[in-house]
Amino acid sequence: MIPSLVSLSHQLLDAAEGKARFMVALAGPPGAGKSYRSALLCDAINRQRPGQAAVVPMDGYHFDNAVLGDEQLPLKGAPHTFDVGGLHHDLVRIRRGDQPVAVPVFDRPLDLARAGGRLITPAHRIVIVEGNYLLLDQEPWRALHKLFDWTLFIDVDDTVLVERLVSRWLCMGQDHIGALERAHQKDMLNAELVKNGSVPPDQRWR
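Residues 1 to 206 in this note's numbering are what the sequence shown spells out, letter by letter.
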């Protein structure tokens, strides 16, 4: 199924009707366009219900490079390089919806997370959480699943993913050989895990 942005926004608003807080997981492999699509979906909802939707990016919970150290740094982006406990804690607070919650936002050009980069308030009735591993069927990620009211997975062909990922690394200063190596030996390994190791979503977005 290939739902349109408008139909997805209507579907979400209908599902969230009457709920003080509605949590959405938007998952998918690296390079699928999760940040871009979640922002579009958030904007589409806010055009219909101003100020009611917000996005929480999972990438804000990357462990800092200094925490990972030289040995783990090449693996940054793998499931174990995220503060899943911190993400879970914040999502529980967000789900309660009784007070503002500051969440970190990842700055890709600087390759670090900015603490308190975004504020989720009780007015944000629909919260879209976007990230690679939100539906991963392994611990400690499984603990997140029960926090979501609705789940969405972005499907993208591997050839398109590789093109996007190589372009991303080139924009970050890698030469062509380095960009190809990182895309194939790092990102696409994580993409395979996400595609094959995630629980079935409520909706697929191709």
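In short, the hints are calculated from the structure, not lab data.
Don't take each hint at face value.
Straight-line distance between alpha carbons at most 20 Å, and here's what the computed SDA-like set of lysine to any residue pairs gives [stated by the list, open to error]:
| id | residue 1 | residue 2 |
| --- | --- | --- |
| 1 | Lys146 | Lys76 |
| 2 | Lys146 | Gln72 |
| 3 | Lys76 | Lys19 |
| 4 | Lys186 | Arg93 |
| 5 | Lys195 | Met172 |
| 6 | Lys195 | His176 |
| 7 | Lys19 | Arg96 |
| 8 | Lys186 | Arg96 |
| 9 | Lys76 | Leu147 |
| 10 | Lys186 | Lys19 |
| 11 | Lys186 | Gln72 |
| 12 | Lys186 | Lys146 |
| 13 | Lys186 | His176 |
Self-check item: Satisfaction of hint between Arg96 and Lys19, Cα-Cα up to 20 Å
Solution: Within the cut-off at roughly 12 Å; holds.
Practice problem: Below or equal to 20 Å on CA atoms is what counts here, so check Lys195 against His176. | Solution: 26 Å, violated
Quiz item: Hey, Lys186 versus Lys146, does the alpha-carbon distance stay inside 20 Å?
Solution: 29 Å, violated
Exercise. Measure nothing beyond the straight line between the CA atoms of Lys195 and Met172; if it is 20 Å or shorter, mark the hint as holding.
Key: Not OK: Lys195 and Met172 at ~25 Å, beyond 20 Å, violated.
Practice problem: Take a quick look at whether Lys146 and Lys76 sit within 20 Å of each other, Cα to Cα. | Solution: Violated, at about 26 Å.
Quiz prompt | Restraint status (C-alpha distance of Lys76 to Lys19 at most 20 Å) | solution = 37 Å, violated
Practice problem: Please work out if Lys186 and Lys19 have their alpha carbons no farther apart than 20 Å. | Solution: 40 Å, violated
Self-check item: Distance restraint between Lys186 and Arg96, which requires alpha-carbon spacing of 20 Å or less
Solution: 36 Å, violated
Practice problem: Quickly compare the C-alpha distance for Lys186 and Arg93 to 20 Å and report which way the hint goes. | Solution: 33 Å, violated
Exercise. For the pair supplied as a hint, Lys186 and His176, confirm whether the alpha-carbon distance does not exceed 20 Å.
Key: 15 Å, holds
Quiz item: Within 20 Å, alpha carbon to alpha carbon, are Lys146 and Gln72?
Solution: Roughly 30 Å between the alpha carbons, so the hint for Lys146 and Gln72 is violated.
Quiz item: Lys76 and Leu147: Cα distance at most 20 Å?
Solution: The given pair, whose Cα atoms are some 25 Å apart, is violated under the 20 Å limit.
Checked against the numbered hints listed earlier, the structure breaks hints 1, 2, 3, 4, 5, 6, 8, 9, 10, 12; every other hint is satisfied.
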